[in-house]
Each structure stands twice: as structure tokens, then as C-alpha cells.
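Asker: Listed below are the residues making up each chain.
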Amino acid sequence: MDLLEVLHLDELSHGLANLSMFPYFDMAHYIVSIMALREQPGVLQLSRVSPLACWFSSMLFCFGGAVLSAIMLAEPLVAPLSNSTSVLLASITWYLMFYCPVDLVYCCAALLPLRLVLTGMKEVTRTWKVLGGVIQAHNKYNDSLLVMIAIGWAKGAGGGLISNFEQLVRGVWKPETNELLKMSYPTKITLIGAVLFALQQTHYLPLKKHHLMLIYTVFTVVNKARIMLTGSSVSPFAAIESTIYKTLFSGHSSYAALTDEVEKTCMDKGAVNGTPSTKKSNEKGAGKHTPVSPVKGQSGSLKAKDESENAQTKHSKKKN
Amino acid sequence: MDLLEVLHLDELSHGLANLSMFPYFDMAHYIVSIMALREQPGVLQLSRVSPLACWFSSMLFCFGGAVLSAIMLAEPLVAPLSNSTSVLLASITWYLMFYCPVDLVYCCAALLPLRLVLTGMKEVTRTWKVLGGVIQAHNKYNDSLLVMIAIGWAKGAGGGLISNFEQLVRGVWKPETNELLKMSYPTKITLIGAVLFALQQTHYLPLKKHHLMLIYTVFTVVNKARIMLTGSSVSPFAAIESTIYKTLFSGHSSYAALTDEVEKTCMDKGAVNGTPSTKKSNEKGAGKHTPVSPVKGQSGSLKAKDESENAQTKHSKKKN
Amino acid sequence: MDLLEVLHLDELSHGLANLSMFPYFDMAHYIVSIMALREQPGVLQLSRVSPLACWFSSMLFCFGGAVLSAIMLAEPLVAPLSNSTSVLLASITWYLMFYCPVDLVYCCAALLPLRLVLTGMKEVTRTWKVLGGVIQAHNKYNDSLLVMIAIGWAKGAGGGLISNFEQLVRGVWKPETNELLKMSYPTKITLIGAVLFALQQTHYLPLKKHHLMLIYTVFTVVNKARIMLTGSSVSPFAAIESTIYKTLFSGHSSYAALTDEVEKTCMDKGAVNGTPSTKKSNEKGAGKHTPVSPVKGQSGSLKAKDESENAQTKHSKKKN
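Protein sequence lines correspond, in order, to chains A, B and C. Residue 231 in the UniProt record's numbering sits at position 231 of the first sequence, and the numbers go up by one each step. Residue 228 in the UniProt record's numbering sits at position 228 of the second sequence, and the numbers go up by one each step. Residue 70 in the UniProt record's numbering sits at position 70 of the third sequence, and the numbers go up by one each step.
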């Protein structure tokens with residue numbers, strides 16, 4: 001790499017590392033978060049029926065990461081509330097987004113150029129939150145990589161991870177789905193960031209902190225802009241995910257595990273299960289979930305994953 | 001105000017402030033709380049099927065405020081359990097209320113004169129809990145008004161606020177409603193108390209603590225007695241609530257936000273939403289929730305609020 | 001008791017008390033726990049659709065006790081995660097149990113002789129967990145018997161106690177049942193252990209700690225082996241439970257409480273309920289839950305308990 005280029009990038013990365021999130025980047029985060037809440041089904045009506053529940057939901061959208069990491073670290077849940085300036089700023093944003101005459105604020109913020117800029121600024125705050133979480137965990141748990149990833153992930157994507165309970169505040173309950181079962185793009189990108197920053201903090205990844213901040217921030221901002229401009233929902237990680245899946249998680253034989261053949265397989269090998277009830281529950285488990293069409297061989301596993309996801313979604317929709 | 005009268009009230013308020021809740025007022029609180037639990041659908045049957053779940057629910061009714069504020073302040077959940085005398089008293093009350101021969105205790109406590117007195121004493125404990133929570137928060141978070149209100153509210157109305165999870169213990173799950181969506185009278189009066197005591201502690205409200213305790217206690221006791229004697233469910237705050245609602249939360253245009261007109265409104269103004277999926281979710285959101293009949297102008301907003309509440313209730317009943 | 005026999009048992013109990021759970025007993029606990037998870041309906045399919053949710057569920061099965069007691073004592077939820085060796089061991093077990101080629105690990109572990117040994121070793125770890133929880137609570141809360149029982153119970157049976165939320169991770173939600181409403185055998189045996197160890201620690205039970213450990217461990221291992229070998233689901237406590245139930249929890253009159261007769265009963269005695277709505281909710285409560293056939297007299301109460309349990313189960317199945 002050209003030294004000059006490196007020097008420039010170095011200055012830029014230092015500048016980014018020393019940037020303060022308050023108040024403009026935080027404001028952008030509040031605006032984009034509350035817009036996302038507002039665009040969910042039923043929320044506008046909620047804002048007329050119960051402003052308090054609407055406000056509480058908005059605060060969970062804005063400070064969800066801080067709340068979840070507080071729960072995980074056994075810190076007071078009210079600690080995020082004690083930062084009065086941030087809460088006031090978020091509350092004003094909430095009020096203007098829902099109750100502004102002629103809906104002026106929402107319509108302006110929804111203009112594509114402005115929305116693009118605000119979303120970019122929100123992605124910058126993501127880097128700060130993830131890094132903040134990783135460092136906080138690093139101080140308390142030294143070299144526990146898993147804890148650092150968990151706290152970084154929670155801080156950066158907490159709002160999405162607690163979505164089931166945020167929906168409960170609004171009187172909505174959808175237990176058939178959650179961010180672990182079907183990870184959305186923001187949660188995925190935050191997990192990757194948490195892993196990278198955790199590896200960097202424990203010196204497994206030979207990068208300086210501010211360089212990684214710059215690379216990660218640029219990647220997230222550019223990718224988010226691409227998604228917004230092209231409307232494409234194709235994940236940039238699709239290829240890597242499918243490779244990891246095919247390598248590690250395809251399992252033993254082609255969906256034998258998903259049918260009652262697994263019992264026969266084990267029995268053919270001369271294994272006898274411990275209790276009769278085990279066999280019953282295996283068959284019950286197998287018989288109850290065969291909307292997935294059997295696929296032969298590992299090459300079809302990604303297709304099968306999509307099929308099973310579709311089946312899962314249909315199954316969820318039916319349940320709904 | 002006549003000085004003599006002030007002096008008398010001052011003595012009375014000091015007397016009230018120095019009153020100990022243990023054991024008579026606490027007993028009254030346990031009796032009234034467990035009676036309220038017993039009168040919920042299905043609880044008597046639960047007491048025969050699973051005494052343990054019934055006991056656990058009763059403890060949540062009695063100590064719900066302490067549990068919720070412990071969660072919020074990251075204090076051990078078992079701390080309320082460690083007060084053995086209180087737990088023993090509450091457990092004895094639970095046992096007599098559910099399993100007394102000939103149902104003697106419940107029938108006596110349900111006698112109107114006795115029930116009136118017990119409920120009045122319970123209202124007195126409410127003041128103590130709210131004030132205790134506000135002061136506890138004040139010590140930890142100095143001047144954070146929001147935290148003081150939150151902890152005071154949690155301590156005073158915790159049982160109601162965690163009702164969804166208390167019902168889960170009994171095998172009941174009603175996600176479509178909670179105390180934020182539709183606040184009951186006790187939760188409302190506790191919130192008001194928390195706000196008043198928080199303002200008093202931070203010197204925004206120029207009242208002495210024991211004076212405010214007397215005023216608040218008298219107001220809650222008298223109002224609760226009125227509700228019990230007249231059977232009236234009209235809230236004393238209805239006028240104030242409707243004024244606040246009409247002033248602050250009517251929003252931009254008459255329910256244009258609740259129909260798909262909001263998209264046309266923004267588009268007419270030349271705004272283009274960022275992503276195509278946003279538009280879809282707006283329409284979906286709009287189309288899915290039109291049981292609220294459109295109302296023109298702000299004068300009809302209170303009526304619309306009632307209509308939307310009725311629609312919400314019908315919608316909830318349908319979901320049930 | 002023969003002194004020699006006592007001496008031998010004493011050596012044995014000391015040996016047991018000084019045994020280290022890591023790594024073999026812990027491994028056995030992970031293997032048996034993850035097998036139990038795997039045999040639940042839908043989990044194999046989950047492992048193909050979302051390995052992350054499957055892993056998270058497995059960790060809750062393995063470390064559920066530590067997580068629940070951390071919540072109750074306001075300790076960081078991530079503390080169990082920080083024990084990297086244990087988490088690594090559990091994760092490897094999870095991977096081999098779900099994704100081993102030809103499903104080798106599961107089939108081997110399911111062989112009855114091996115499963116018997118592993119389950120016995122898991123029962124040994126139960127003693128350690130319960131005792132650990134009781135002692136931890138004893139250090140913090142001195143002589144609060146209830147807290148010691150609660151923490152010991154949570155540590156030993158946490159995985160079962162948080163089952164509703166573990167199922168939520170998998171997208172399953174069954175609010176009509178939980179371990180308090182219908183206690184499974186492991187949860188019951190853990191509760192008994194927690195009570196015994198709490199009484200021993202507070203010197204109400206005149207036994208030495210290592211003697212009680214030996215007795216309790218032998219009892220749990222032998223009983224679990226009996227259940228696995230005979231396939232019998234008859235609880236060894238059935239007789240004691242029914243005696244306690246008939247003595248303490250049969251209530252006032254034969255199911256008068258479960259019908260609307262209770263209102264008439266109270267009214268005949270001249271009691272008038274406080275508010276009209278109370279009467280309505282009593283009738284509603286009574287009327288809504290009469291699948292239990294009325295039984296006369298206390299001798300039939302156990303039969304009625306079974307009937308109501310059956311009714312409850314049918315009612316749950318209908319709900320499902």
C-alpha cells in the first residue's frame with residue numbers, strides 16, 4: 001500500500017475514532033430508529049390510543065442496546081434513563097415524529113437524500129456501540145472472547161435482539177420468530193463487528209483499533225447505502241454463510257434426522273434407546289415436522305435451507 | 001389558611017409520616033391483594049390444582065413492587081424473600097384466604113365495612129412505597145427526575161405493571177393488553193404520586209414531604225372509598241386526561257395517519273420514501289388497522305380515542 | 001448402626017464430597033442435557049434451519065441453573081459464559097450431538113448401558129449444584145431459609161424452571177404450562193434436595209453435610225435408574241404428596257369454591273361483597289372453569305386433583 005495513502009487513511013481513522021457521537025450522530029440514530037418503529041404495522045394507531053406505550057416502545061428502539069447489555073452485566077436497567085439529555089432528545093424526536101402538525105418531520109426525514117445521510121450516520125454510531133461493549137466486557141472479563149462478543153453484539157443490536165419483548169409492550173406477540181431463528185441484516189452485521197473487535201482487542205486480529213473502526217464503518221455505511229439505493233435484499237454474506245453451512249452444519253445423512261429413519265438407523269446399528277418415551281418423542285418430533293422436502297447430498301443443502309426457511313415462514317404464517 | 005388548622009394538619013401529617021406500616025397496614029395490603037387475586041377467573045381452581053403456583057402468584061401480588069424495582073435497580077430478586085417475617089405473614093394470609101374451612105376468612109374480609117377499612121389501609125401503604133422508591137432513586141441518581149418517577153412508580157404499582165408475567169405463572173397469557181396500553185386506576189394514581197413526590201424531592205414542588213404525604217394519602221383513600229361505595233368507574237382524571245390528549249397527542253391531521261392517505265400526503269409534498277419496502281409496510285400497516293372510523297377535526301378526538309379503545313377491545317376479544 | 005459400616009460410609013461420603021465434577025461429570029451432564037433437548041419435537045429441524053438458535057438452546061439446557069440463579073442474585077448473566085472451558089466443552093458436545101457424521105455420537109450415547117451411566121453421573125452433579133446454591137445463599141443471607149431453598153432449587157433445576165423462555169428461543173411458546181403448574185420429576189427431586197440441604201445448613205436437620213450428600217445422591221441415582229429401567233413414571237412421592245394435599249390444600253367445602261355457590265354461601269352468611277364487579281368476576285371465574293366434576297368430601301380430593309389435572313391437560317391440548 002502506498003505510504004501516503006496509508007498516512008491519509010491513518011489521519012482519517014484517528015479523526016473518526018475521536019469523533020463524538022453526541023449530539024448529531026445520536027440524533028440521527030434516534031430519528032432513523034423511531035422512523036423504523038413508525039413504519040411497523042399498527043404503530044401509528046398505537047400512538048393515538050396510548051402515547052405512553054408508543055413512547056416506551058420508542059425508547060426501547062433507541063436505547064435497546066444499552067438496556068440489554070445492562071441486563072447481561074447486572075447493571076441497573078434505569079441507568080440509560082439517568083442520562084437525561086439523551087432521553088430528552090429521544091423523547092423530542094419521538095414527539096415530533098408522531099405528533100407533528102401536517103406530519104412535517106416524518107415526511108422530511110423520509111426524503112431519500114436526507115434518509116440516506118441519517119442512515120449513514122446511524123451506521124457510524126453502530127461502530128461506537130459495538131466497540132464500547134467489547135471494551136467494557138474486556139475490562140471486566142479480560143480474555144473471555146465469548147463475553148466480549150456477547151456484550152458488543154448486545155450493545156450494537158440490542159433493539160433487534162429484544163424485539164419480542166418490545167412488541168409485547170405494543171400488545172403484539174410473535175413467538176414463532178426471533179433474531180436468533182432468522183437474523184436480520186443489522187443484527188448480522190453487528191455480530192460480525194463484535195467478533196472482529198473482540199479478536200482485535202485480544203490481539204488475534206493484527207489491526208490497530210482505529211483502522212478496524214474505519215474499515216468496519218466504511219463497510220457498513222456503503223453496504224447500507226447500496227441496500228437503500230438498489231432496494232436489493234441480497235445479503236453480502238450469502239456466499240460465506242452457505243459455505244459455512246455446507247461445511248459445518250449439514251449433519252450426518254441427508255435429512256435422515258428429520259424423518260423417523262433416524263430411529264431405524266440407530267436400531268440397525270444395534271442401539272436401543274433408554275426409555276420407550278424417547279422413541280415416541282423422536283417419532284413425534286420427526287412426524288410432526290416434515291414440511292421440508294428431503295434433499296439428497298450436501299450440494300442441495302443451501303437450497304434445502306431456503307426451502308425449510310420458506311416452510312418455516314409458511315408454518316409461522318399459518319400459526320398466525 | 002387558618003394557622004390553627006395548619007398546626008393541626010401539621011401534627012396529623014407528622015403523625016402519618018412516622019407511622020409504621022408493619023404489621024397492620026402491611027397485613028391489610030396482603031389481604032386486599034390476595035382477595036383481588038382470588039377474584040380473578042380461574043384462580044380458585046388453580047389453588048386446588050397447584051398450590052405452589054397459587055402461592056407464587058400471591059407473593060407476586062403482595063411483593064410485585066419490590067420485585068420490579070429490584071430488577072430495575074439490579075438488586076437481587078431474592079431480597080424481598082429474605083424478609084422472612086413479611087413473607088411468612090403474606091403466606092399465612094394466602095393460606096387462610098384460599099384454604100380456610102368454610103371459607104371463613106374470605107367471607108369476613110369481603111364484608112363491605114371491613115373491606116372498606118382494609119382497602120383504605122392498603123392505600124396508605126401505597127404512599128409509603130412510592131415515597132420509598134422515589135427517595136431510594138434520589139440517593140442513587142441525584143437529580144434524574146425520570147429515574148425517580150420510574151422507581152417510585154415501580155415500587156407502588158409493580159404488581160400491576162408485571163401482570164403479564166404474573167399471569168404467565170398461572171398459565172394465562174394475554175399479550176394484547178398491558179398496563180401501558182390500558183392503564184388501570186391504581187397504576188394511574190401511583191404514577192401521579194410518583195411524579196408529585198419526585199417533583200417535591202427535587203424542590204420543583206414547594207411542599208414539605210409530610211404535607212404532600214398527607215394530601216396524597218387522603219386523596220387516594222377518599223377516592224378509593226368513593227369508587228367502592230358508588231360502584232362508579234369514572235376516573236377523577238378524565239377531564240385532565242382528555243385535555244392533555246387533545247392538546248398534545250391529536251397529531252397532524254384527522255386520522256390521515258391511520259389510513260393510506262399518509263403516503264399520498266407525503267408524496268403530494270414531493271417526498272419519496274427511501275425503500276420500496278417502506279411504502280409496502282406503510283400501506284400494510286394502514287390497511288390492516290382501519291377499524292377506527294375516521295373523525296374530522298380535533299373536537300372529535302376524545303370520542304375517537306374512545307372509539308379506537310372500543311375497537312382495540314373488540315380486536316383483542318377477537319384475538320382471544 | 002454398625003460402627004464399621006458407618007466408618008465405611010463415612011469414608012465414602014467424604015470421598016464423594018471431595019470429588020471434582022470437572023471434567024467427566026460435567027461432560028455427562030452436557031451430554032444428557034443436550035440429548036434431552038434433541039429428543040424434543042422440532043429441535044432436529046431447528047438445528048438445520050438455525051444452528052445459532054439450536055446452540056443457544058443447548059447452552060440454556062446446560063447452564064440454565066447458573067443463569068437463573070445469576071438473575072435471582074443480580075449477578076451478571078454473562079458470568080457462566082466467562083467460564084470458557086466449560087462453554088467450549090458444552091459447545092463441542094452440542095456440535096457432535098447434532099452434526100456428527102452418521103449421527104454416531106447420539107446413537108452411542110443412546111445405548112442403554114451408556115445412557116444409564118451418563119444419567120447417573122448427571123444426577124451426581126445435581127447434588128453439587130443444589131448444595132452450591134444453598135451455601136452461596138447461606139453466605140449472603142445467613143439464615144433466610146426461603147432464599148437458600150430458592151437459590152438451591154434454581155441452581156439445580158434452573159433449566160426446567162426457565163423452560164418457557166428456552167422454548168421461546170426455539171420459536172415455541174406454551175404459556176398454559178410451566179414447572180410450577182405441573183412439576184416434572186427432576187424439578188421435584190431438586191426442590192426436595194434444596195429443602196434438605198437448607199435445613200442441614202441451618203442445623204434444623206441433624207446430619208453432617210457429606211452424609212446428606214451421600215444419602216441424597218444415592219437416592220436420586222437409584223430412583224433415576226429405576227425410572228429408566230422399568231419405564232415407570234410413578235413418582236416415589238405420590239403417597240406423601242397426596243397426604244399433604246388432602247391435609248392442607250383441600251380447602252373449605254367440597255368444590256363449592258369452584259362453582260358459583262361460593263357467592264351464595266357468603267351471601268347466606270350475610271356478607272356483601274364490596275363492588276358489583278367483584279360478584280361478576282366471581283361468577284365469571286366460577287362459570288368459566290367447571291370442567292372439574294364436583295367431588296364430595298375430602299376422601300375424593302386426590303381423585304379430584306387427578307381429574308382436574310386431566311381436565312387441565314385436555315384444556316391445554318384444546319388451547320394448543
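Hint data in this document are derived by calculation from the structure and do not stem from the laboratory. Only a predicted model underlies this, so the values are computations on that prediction, with no experimental measurement involved. A hint or two may mislead.
As the list claims (entries may be wrong) - Quick partial rundown of chain B residues pointing at chain A, CB under 7 Å, derived from the structure:
1) Leu52
2) Leu77
3) Tyr141
4) Val147
5) Leu181
6) Phe249
As the list claims (entries may be wrong) - Just so you have them, the derived chain C footprint on chain B, three or more residues with Cβ under 8 Å:
7) 22-28
8) 63-76
9) 79-88
All C-beta atoms, glycine included, are put in the ideal place defined by N, C-alpha and C.
Asker: Taking 8 Å as the C-beta cutoff, is the stated coverage of the segment 22-28 of chain B by chain C satisfied by three or more residues?
Answerer: violated (count 0)
Asker: In terms of beta carbon proximity below 8 Å, does the segment 63-76 of chain B have 3 or more residues touching chain C?
Answerer: Result for this restraint: holds, n = 4.
Asker: Mind checking the CB of B/Leu77 against every CB in chain A and telling me if the closest is under 7 Å?
Answerer: Because about 11 Å separates B/Leu77 from the closest Cβ in chain A, which is outside the 7 Å limit, the hint is violated.
Asker: Do three or more residues from the segment 79-88 of chain B put their C-beta atoms closer than 8 Å to C-beta atoms of chain C?
Answerer: holds (count 4)
Asker: For the hint on B/Phe249, just tell me whether its beta-carbon gets within less than 7 Å of chain A.
Answerer: With a closest approach of 5 Å, the B/Phe249 hint holds.
Asker: How about B/Leu181: closest beta carbon in chain A under 7 Å, or not?
Answerer: 5 Å, holds
Asker: Under 7 Å, Cβ to Cβ, is where B/Tyr141 needs to be relative to chain A, so tell me if that hint holds or is violated.
Answerer: 5 Å, holds
Asker: Do the numbers back the hint for B/Val147, that is, is its least Cβ distance to chain A under 7 Å?
Answerer: Given a least distance of 5 Å, the restraint on B/Val147 holds.
Asker: Against chain A, with CB atoms and a cut of 7 Å, does the hint on B/Leu52 hold up?
Answerer: Given a least distance of 25 Å, the restraint on B/Leu52 is violated.
Hints 1, 2 and 7 from the earlier list are contradicted by this structure; the remaining hints agree with it.
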